[in-house]
Amino acid sequence: MAGWQTATVVSVRAETASARTFRLRLPEFEPHLPGQHYVLRLTAPDGYRASRSYSVASVPDGSPEIELTVERLPGGEVSEFLHDVVVPGDELEVRGPIGGWFVWRVDRPALLVGGGSGVVPLMAMLRAARSAGKADLVRLVVSVRTPEDLYYRDEITGPQTTVVHTRVAPPDEARGVDRLTTADLAPLVRGGEDVFVCGSPGFCDTATDRLTEVGVPERAIRVERFGPSG
Amino acid sequence: MAVTRGFVGKRRTRDPRLPPGQYDARDEWPVLHAEATPRLDTARWTFTISGLVEQETTWTWDELRALPRSRYEGDIHCVTTWSKLGMTFEGVSVDTLLDAARPLPSATHVLATSHTGYTTNLPLADVTGGKAWVVWEAQGHPLTVEHGGPARLLVPHLYFWKSAKWVSGLRLLDHDEPGFWERNGYHDRGDPWLEQRYQGD
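Protein sequence lines, in the order shown, are assigned to chains A and B. For the first sequence, the residue numbers in the numbering used here are 1 to 230. For the second sequence, the residue numbers in the numbering used here are 1 to 201.
If you're looking for bench data, these hints aren't it; they were derived computationally from the structure. We treat Cβ as the ideally placed atom computed from N, Cα and C, and that holds for glycine. Hints may be right or wrong, so weigh each one.
[Claimed, not checked] Over 12 Å on every C-beta distance to chain A, these chain B residues come out as not near it, computed from the model:
| id | residue |
| --- | --- |
| 1 | 5 |
| 2 | 10 |
| 3 | 31 |
| 4 | 35 |
| 5 | 46 |
| 6 | 57 |
| 7 | 102 |
| 8 | 105 |
| 9 | 117 |
| 10 | 124 |
| 11 | 125 |
| 12 | 130 |
| 13 | 137 |
| 14 | 146 |
[Unchecked claim] Here chain B is said to cover these stretches of chain A; the calculated rule only asks that three of the stretch's residues, wherever they fall, bring their Cβ under 8 Å from a Cβ of chain B:
| id | stretch |
| --- | --- |
| 15 | 48-61 |
| 16 | 136-145 |
| 17 | 181-189 |
| 18 | 201-209 |
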């Protein structure tokens with residue numbers, strides 16, 4: 001992993017009303033594995049600093065660029081700044097890629113279980129599988145409050161992906177609204193796969209409980225809890 | 001220093017208890033661990049000191065809680081940049097446990113282990129001399145499972161991943177052996193005042 005470097009914001013696009021993807025060009029690009037993250041650091045004129053970790057949503061595509069998707073948290077010192085102030089051409093200090101545990105090496109079957117913004121590192125896994133021609137290795141279930149809260153809406157859907165809704169579902173969806181259930185997960189479990197769970201701590205605990213109820217061994221489950229750290 | 005255009009930051013008065021790069025989580029106590037939260041039964045729970053000791057020693061839950069109590073009042077710091085100030089933990093000093101097991105002179109490091117298989121490495125000097133505890137109470141209440149209950153290691157002068165949740169024991173070694181996060185890119189010592197977050201810091 002390289003040290004701190006100054007990335008340039010190439011583009012900013014909205015994923016949902018409260019999530020934006022920042023594409024950054026790095027002077028020292030190091031290819032990352034799906035699931036890894038970067039630390040982003042902001043520095044005020046008086047030297048005050050704030051840093052947060054953000055998962056990479058993109059996969060290496062031959063360019064020295066990464067995409068970080070950031071949810072705007074009310075009162076979030078870093079996420080509000082990124083959403084409200086940062087525009088293409090700005091420079092941001094970053095460090096990464098980081099993490100050797102919550103990573104998938106595009107080799108073994110994987111079940112990906114994401115809640116809300118927790119889909120970000122899982123999207124990198126799905127993208128990696130698709131771009132390697134190994135989409136069949138991946139099954140993704142993502143839980144969102146409403147259809148409008150789904151990140152990467154145009155790209156994430158497909159035979160690998162199941163979307164469940166907890167508050168508002170599309171009118172044609174027979175499942176209706178519910179938290180993630182064993183009925184959602186049971187058809188997706190093949191046995192022997194690696195399982196990656198990412199979301200809020202509450203979502204992660206619920207998801208791991210349901211996964212163990214449908215027979216997934218605890219040792220197969222890797223969890224990334226997205227904390228309310230602004 | 002590269003100033004970020006337009007950034008002034010919100011938390012203007014910095015508490016001197018906050019190490020560099022940390023913020024005060026105030027009423028929140030974020031939960032971060034990499035495995036499924038285990039359900040541990042205190043009837044079968046044990047804590048073992050093994051490795052380079054004169055007397056390998058295992059305590060049951062009741063035996064551990066019968067030892068002289070020790071309390072930590074102060075701050076904790078997570079590598080993900082939150083800190084909590086003015087925390088209170090209660091349990092037993094690691095010194096008390098090591099006094100029973102009697103480390104051999106060759107012991108220089110410990111590998112803390114958890115009932116989940118989690119591990120983390122520490123110099124022996126970082127868990128002796130009143131610097132480390134095995135705790136089962138936080139803020140006057142039993143330690144909840146998401147925070148490592150029934151009992152966790154507490155090494156508050158280092159980043160909090162060193163304070164192994166669901167701790168099952170300490171293995172004394174004559175060398176440093178990287179634990180779970182340390183094999184995955186994090187620092188072997190993890191002093192928050194030196195910002196030893198990642199390998200190479």
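Hint check results:
Not every Cβ of chain A is farther than 12 Å from the Cβ of residue 5(B); the closest lies at roughly 6 Å, contradicting the non-interface assignment. For residue 10(B), the condition that its CB be more than 12 Å from all CB atoms of chain A is violated, with the nearest at approximately 5 Å. At roughly 4 Å from the closest C-beta of chain A, the C-beta of residue 31(B) falls inside 12 Å, breaking its exclusion from the interface. The beta carbon of residue 35(B) is not kept farther than 12 Å from every beta carbon of chain A, the shortest such distance being approximately 6 Å.
No Cβ of chain A approaches the Cβ of residue 46(B) within 12 Å, the least distance being about 19 Å, so the stated non-interface status holds. Distance check for residue 57(B) against chain A: the nearest CB is about 28 Å away, which clears 12 Å, and the non-interface claim stands. With 12 Å as the threshold on Cβ separation, the claim that residue 102(B) sits away from chain A holds: the shortest Cβ distance comes to roughly 34 Å. The Cβ of residue 105(B) lies farther than 12 Å from every Cβ of chain A, with a closest approach of about 35 Å, so its non-interface assignment holds.
The beta carbon of residue 117(B) is not kept farther than 12 Å from every beta carbon of chain A, the shortest such distance being approximately 8 Å. At roughly 26 Å from the closest C-beta of chain A, the C-beta of residue 124(B) stays outside 12 Å, upholding its exclusion from the interface. With a least CB separation of 27 Å from chain A, residue 125(B) remains clear of the 12 Å interface cut-off, as annotated. Against the 12 Å criterion, residue 130(B) stays outside the reach of chain A, whose nearest CB is about 30 Å from its own CB.
Consistency note on residue 137(B): stated as away from chain A, and its beta-carbon is indeed over 12 Å from all of that chain's, at 21 Å minimum. Residue-level check failed: residue 146(B) sits 7 Å from the nearest beta carbon of chain A, not beyond 12 Å. Three residues within the 8 Å Cβ limit are the bar, and the stretch 48-61 of chain A against chain B gives 6, so the coverage statement holds. For the stretch 136-145 of chain A, the proposed coverage by chain B is not satisfied: 0 residues have a C-beta within less than 8 Å of a C-beta in that chain, short of the threshold of three.
Beta-carbon proximity to chain B at under 8 Å applies to 0 residues in the stretch 181-189 of chain A; the threshold of 3 is not reached and the given coverage is violated. Counting residues of the stretch 201-209 of chain A whose beta-carbon sits less than 8 Å from any beta-carbon of chain B gives 3, enough to reach three: the coverage restraint holds.
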